[in-house]
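Q: One-letter residues, chain by chain:
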Amino acid sequence: MPEVDPQPTAAVVAEMLTKRYGSLTAIENLSFSVAPGEIVGFLGPNGAGKSTTMRILAGTMAGTSGRASIWGESVALNPAAAKRHMAYMPENNPLPEDLRVEEYLTLRARLKDVPSTLVDERVAKVMEDCDLTRRAKGRLIGQLSKGFKQRVGIADALLAEPKVVILDEPTIGLDPHQILGIRDLIRSLRGKMAVLISSHILHEVEQVCDKVVIINRGKLVAQGRTEDLRRELFPNAVFNLITQATAAELKVLIAMHESAANVEVIGSADANWNKLKVTLQMHSPLREGLASLMISAGMSLREISEEHYGLEDIFLAATRRATTEGGRI
Amino acid sequence: MRHFRTLLAHELRTAFFSWNTWAAAGLFLTLMGTLHWFAVLECSRAPQAWTPVEATFRLFWLPLLCVLPLLTMRSFADERRQGTLSALLTTPASAAAIVWAKFLSAWLTWSLFWISFTLFPLLVNLRLGASGDQALYDSSALMGGLCFILVSGFLHVSIGILCSCITRSATLAALLTFITLLALTAIGGAMESLPIESWAWLGWLREPAAHLRTFGHLQDFASGILDSRPLVLYATGTLLSLGLAVLAVEGQE
Numbered sequence: 001m002p003e004v005d006p007q008p009t010a011a012v013v014a015e016m017l018t019k020r021y022g023s024l025t026a027i028e029n030l031s032f033s034v035a036p037g038e039i040v041g042f043l044g045p046n047g048a049g050k051s052t053t054m055r056i057l058a059g060t061m062a063g064t065s066g067r068a069s070i071w072g073e074s075v076a077l078n079p080a081a082a083k084r085h086m087a088y089m090p091e092n093n094p095l096p097e098d099l100r101v102e103e104y105l106t107l108r109a110r111l112k113d114v115p116s117t118l119v120d121e122r123v124a125k126v127m128e129d130c131d132l133t134r135r136a137k138g139r140l141i142g143q144l145s146k147g148f149k150q151r152v153g154i155a156d157a158l159l160a161e162p163k164v165v166i167l168d169e170p171t172i173g174l175d176p177h178q179i180l181g182i183r184d185l186i187r188s189l190r191g192k193m194a195v196l197i198s199s200h201i202l203h204e205v206e207q208v209c210d211k212v213v214i215i216n217r218g219k220l221v222a223q224g225r226t227e228d229l230r231r232e233l234f235p236n237a238v239f240n241l242i243t244q245a246t247a248a249e250l251k252v253l254i255a256m257h258e259s260a261a262n263v264e265v266i267g268s269a270d271a272n273w274n275k276l277k278v279t280l281q282m283h284s285p286l287r288e289g290l291a292s293l294m295i296s297a298g299m300s301l302r303e304i305s306e307e308h309y310g311l312e313d314i315f316l317a318a319t320r321r322a323t324t325e326g327g328r329i
Numbered sequence: 330m331r332h333f334r335t336l337l338a339h340e341l342r343t344a345f346f347s348w349n350t351w352a353a354a355g356l357f358l359t360l361m362g363t364l365h366w367f368a369v370l371e372c373s374r375a376p377q378a379w380t381p382v383e384a385t386f387r388l389f390w391l392p393l394l395c396v397l398p399l400l401t402m403r404s405f406a407d408e409r410r411q412g413t414l415s416a417l418l419t420t421p422a423s424a425a426a427i428v429w430a431k432f433l434s435a436w437l438t439w440s441l442f443w444i445s446f447t448l449f450p451l452l453v454n455l456r457l458g459a460s461g462d463q464a465l466y467d468s469s470a471l472m473g474g475l476c477f478i479l480v481s482g483f484l485h486v487s488i489g490i491l492c493s494c495i496t497r498s499a500t501l502a503a504l505l506t507f508i509t510l511l512a513l514t515a516i517g518g519a520m521e522s523l524p525i526e527s528w529a530w531l532g533w534l535r536e537p538a539a540h541l542r543t544f545g546h547l548q549d550f551a552s553g554i555l556d557s558r559p560l561v562l563y564a565t566g567t568l569l570s571l572g573l574a575v576l577a578v579e580g581q582e
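Protein chains in written order, with our numbering: chain A, 1 to 329; chain B, 330 to 582.
None of these hints come from the bench; they were simulated from the model. Misleading hints may appear alongside valid ones.
Now the in silico label distances, taken between C-beta atoms and shown as ranges [what the hints assert, rightly or not]:
| # | chain 1 | residue 1 | chain 2 | residue 2 | range |
| --- | --- | --- | --- | --- | --- |
| 1 | B | G355 | A | G138 | 28 to 34 Å |
| 2 | A | L77 | B | C476 | 54 to 60 Å |
| 3 | B | L569 | A | T64 | 44 to 50 Å |
| 4 | B | L341 | A | Q7 | 37 to 43 Å |
One side of the interface only, derived from the structure: several residues of chain A facing chain B at Cβ under 7 Å [stated by the list, open to error]:
| # | residue |
| --- | --- |
| 5 | G72 |
| 6 | A76 |
| 7 | R84 |
| 8 | P94 |
| 9 | L107 |
| 10 | L111 |
| 11 | K112 |
| 12 | P115 |
| 13 | E121 |
| 14 | R231 |
| 15 | F234 |
All C-beta atoms, glycine included, are put in the ideal place defined by N, C-alpha and C.
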């Protein structure tokens, strides 16, 4: 009977992780988790401690205190078992330039305990999945473009079909076409393995990830699903509209339905047309019916749009909040 | 063990295809061939108290200081500089397996260099035979000298590996290896030349000095004397160096 690993509730657990270099604290009391099969974006400004956290989770660096585990195995106490469940692609993806792609992947497969009979098959599969077979299979790694080197790094990460994949800036330095390719590749891992991915490209993270973890100056400032964070950090719905009604007229109309709403003038479009900004509570019924309310009240309406808060806004709001509140967990 | 075998095979393959290894082999064989040639010439002119093989082996420190650092300098320093060591450490392969694989690969290469050198005396013997007053070929000295090189090579190579572990610069690693091997080779001779007998407060140095006489070990091996003390010295020195190398690799971040 083959040994079956029981599935833990969390694929990756960081619990009160702290790393200090002398008097400098790189990360402090960092706690978060990644569920099996989930893709999580790990975000933070430069120097926030993302790479340090990932290295600790990957077992290439020891933390000062706290606990890190991969698939239920402690990274510090049982590093070999933790590494068997995990693959890590470090930032800049260091590769031996004098090896050919196939040779390198074969070596890595053997080191990652892929059964001897499956090595060739797995190498062929990841090269196919990462689009390396036709254009890079027999080439020296040193001769490959940055995009193909990243693909080799990701192919290496997928070789042993790990439960957890940690990718530190996998799309750094790639052109838009290559980013799309890598994004599709990562998206295809959803449900198969837990992926923790750090990136500066927030749009990309938003496209790919189920959840985000945001850190700033080594401390956790927010974590959760993008939609939940959006609701938490932006409790109001904001509409921009162009209408012939004045701010005062609109305020009177809206106040009949919601007292907490706010209307302000943000400029004028052309003659008799005003640009107004209306702020409503997120759960206000007017959020769905503002346009029809205005029209039924005989107000001319040329344009109406709800402001959408992307991950970039969430990231900025979370880091700003942490700075003003002095950190938040 | 499986990781060790995989890594060793990879290291040997890398060494075989590396220009660095071939450059070191060229330098080694040129140096040793030249030394042996001059020793043979010297013996052919007038009878000597030594054979060409003995004379060449007594100059083992020359390739040890000039060639061995070239073999070991890149083993870890280059991997650390390129970041590939970190990537290697994310696999289930242990730091000990990585260190031992690199060590054994370098030792096998070093041994192969010296085994290749034995072709020179054999060629001399084949060409000139035992003609003349002076024996130009001495098989016992050849085998004894080779045994000394292979046994002491464990310690010498492990020192090179350790030096390569503690820096990201291959040049600095070579320099550190050179200095350490120079000290190790010279210290025994230097201690022997000190008037330790007349300095009572230095009496405790007599024992260590006796252990560290590298040229004496060569003499013993060449004479067929099997003394366990140098064996213990080289074995413990090797284990200590490799143990420190494992710690250096584990703590590389």
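Q: Determine whether the Cβ-Cβ distance between L77 of chain A and C476 of chain B falls within the hinted range of 54 to 60 Å.
A: Taking Cβ atoms as reference, L77 of chain A and C476 of chain B lie about 44 Å apart, which means the hint is violated.
Q: So, R84 of chain A near chain B? Judge it on the closest CB pair being under 7 Å.
A: holds, 5 Å
Q: Mind checking the hinted window 37 to 43 Å against the Cβ distance between L341 of chain B and Q7 of chain A?
A: holds, 41 Å
Q: So, A76 of chain A near chain B? Judge it on the closest CB pair being under 7 Å.
A: Not OK, violated: A76 of chain A not within 7 Å of chain B, min 12 Å.
Q: Go through the hint on P115 of chain A and say holds or violated, using the shortest Cβ distance to chain B against 7 Å.
A: violated, 11 Å
Q: Under 7 Å is the threshold here; is the Cβ of K112 of chain A close enough to any Cβ of chain B for the hint to stand?
A: Where the cut-off is 7 Å and the nearest Cβ of chain B is about 5 Å from K112 of chain A, the hint holds.
Q: So, L111 of chain A near chain B? Judge it on the closest CB pair being under 7 Å.
A: holds, 4 Å
Q: Minimum Cβ distance from P94 of chain A to chain B below 7 Å?
A: holds, 3 Å
Q: Per the CB criterion, is F234 of chain A less than 7 Å away from chain B?
A: violated, 39 Å
Q: Does the interface hint hold: is E121 of chain A within less than 7 Å of chain B, judged Cβ to Cβ?
A: For E121 of chain A, the interface hint is violated, since the closest Cβ of chain B sits about 18 Å away, which is over 7 Å.
Q: Taking the beta carbons of L569 of chain B and T64 of chain A, is their distance inside 44 to 50 Å?
A: violated, 29 Å
Q: Determine whether the Cβ-Cβ distance between G355 of chain B and G138 of chain A falls within the hinted range of 28 to 34 Å.
A: With a Cβ separation near 29 Å, G355 of chain B and G138 of chain A satisfy 28 to 34 Å, so the hint holds.
Hints 2, 3, 5, 6, 12, 13, 14, 15 from the list above are not met by this structure, while the remaining hints are.
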